[in-house]
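Here is what each chain is made of, one letter per residue.
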Amino acid sequence: MDTTTHVAEVGDLIVIAGHRVGEAERTAEILEILGEVPNERFRVRWDDGHESVLRPGSDATVQRVTTRPSARKAKR
Amino acid sequence: MTTHTASRRLVQQLERASISYELIDHPRTTTAAAEAEVLGLDPREVAKTVVLVTPEGFVRAVLPASARLDLRKVRTHLDTKDVQLATEEVLAGAYPEFELGAVPPLTGEDGDRVLVDRRLRESEWVVLEAGTHEQSVRLRTDDLVDLSHGQVLDLSQD
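These protein sequence lines are chains A and B, in that order.
Going by the numbering used here, the letters in the first sequence line up with residues 1 to 76, in that order.
Going by the numbering used here, the letters in the second sequence line up with residues 1 to 158, in that order.
The set of hints was computed from the structure by calculation and includes no laboratory data.
A quick note: this is a predicted structure, and the numbers were derived from the prediction, not measured.
The beta-carbon is built from N, C-alpha and C at its ideal position, and this holds for glycine as well.
Among these hints, one or two may not hold up.
To be verified - Chain A side only, calculated, beta carbon under 7 Å to chain B, not exhaustive:
#1 A24
#2 R45
#3 D47
#4 G49
#5 S52
#6 V53
#7 L54
#8 R64
Stated by the list, open to error - Far from chain A, some chain B residues (derived; all Cβ distances over 12 Å):
#9 L23
#10 H26
#11 A33
#12 A34
#13 K73
#14 G101
#15 G111
#16 R138
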C-alpha cells in the first residue's frame, strides 16, 4: 500500500486516526466523490461493510491501495 | 444517499464549523436503542436527545441510548424543581423542522441550553439522529460538546 497522501480518488482509502490512547483508526474505501475540493464529501464503505457519506477532517489521510508512479501530491 | 430536509440544517452547521462527520442512512427507527441495533452499534455510542421544558426555556439533554434520564439530577443541576419532559405537542410546535422525537442536540439557532451526559464522553465517537428517524450522523463526542456549548454532567440514572 502506498501510504503517502494524495488527492482522493475512487478506490482510495480514507484513514481517520484515533484521538485517544487505545482508540483504533477507522478506515473506509471511497466509492464516490461528492462535491469539489476543498468541500468534497465522499460516499464510502467502512471496514464493517456499512456505507455512509463522510466529510473527513484534518485528522484523515488518503491512502492509495496500489502504488501509481504518477500519483499526485496530496491536498490533505 | 441524499440529505433529508430535516438533516440539512445539521449538516450545514457541521460544515460551517469544519467538523468531520459521517451521515448514515438506515431503516426507520423511533428509538435510539433501535437505531443502535439497526446500525450494529453499542447503545453506549448512540445518543438520544431529550427535550425538557424549564423556566429558562427548552433544554436539550443528551445521553446514551442505553441510559435513562434522571430528572432529579437535572433539577439539581438546573437548580429548579420546575423541569418537565416536553410533550409531543410541544415538540411539534417548537421544532417543526425535525421529525417528532428526532430533535438533535445541535442546530442551536434557538439557543437551547444543552446538557451532555458524562457517560457519552467515554466514547470518542457518538451517533445521533439527524433530525429524521431515517438518518444518523456520527461525529466526535468532543465536537458535539464544543459545537453545542454543552455542559458535561451526570444526567443518567445510576
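Here is what the structure says about each hint:
Because the beta carbon of A:A24 sits about 10 Å from the nearest beta carbon in chain B, more than 7 Å, this interface hint is broken. With its C-beta approaching chain B no nearer than about 12 Å, A:R45 sits outside the 7 Å limit, and its interface hint is violated. For the restraint placing A:D47 at the interface with chain B, the shortest Cβ-Cβ distance is roughly 12 Å, beyond the 7 Å limit, so the hint is violated. The restraint placing A:G49 at the interface with chain B is violated, with a minimum CB-CB distance near 9 Å, outside the 7 Å limit.
Interface restraint check for A:S52: the shortest CB-CB distance to chain B comes to about 4 Å, inside 7 Å, so the restraint holds. Checking A:V53 against chain B: minimum C-beta separation of about 4 Å stays under 7 Å; hint holds. The interface hint given for A:L54 is met, as the beta carbon of that residue sits about 5 Å from the closest beta carbon of chain B, less than 7 Å. At a threshold of 7 Å, the smallest CB-CB gap from A:R64 to chain B is about 21 Å, leaving the interface hint violated.
A Cβ of chain A approaches the Cβ of B:L23 within 12 Å, the least distance being about 4 Å, so the stated non-interface status is violated. The claim that B:H26 is not at the interface with chain A is violated, since a C-beta of that chain comes within 12 Å of its own (minimum 9 Å). Residue-level check passed: B:A33 sits 18 Å from the nearest beta carbon of chain A, beyond 12 Å. Chain A leaves B:A34 outside its interface by the beta-carbon criterion, the shortest separation being 16 Å against a cut-off of 12 Å.
No beta-carbon of chain A is positioned within 12 Å of the beta-carbon of B:K73; the least distance is around 26 Å. A cut-off of 12 Å between C-beta atoms confirms that B:G101 is not in contact with chain A; the least separation is 22 Å. Remark: the non-interface label on B:G111 is consistent with the geometry, its nearest Cβ contact in chain A lying 25 Å away (cut-off 12 Å). Distance check for B:R138 against chain A: the nearest CB is about 8 Å away, which does not clear 12 Å, and the non-interface claim fails.
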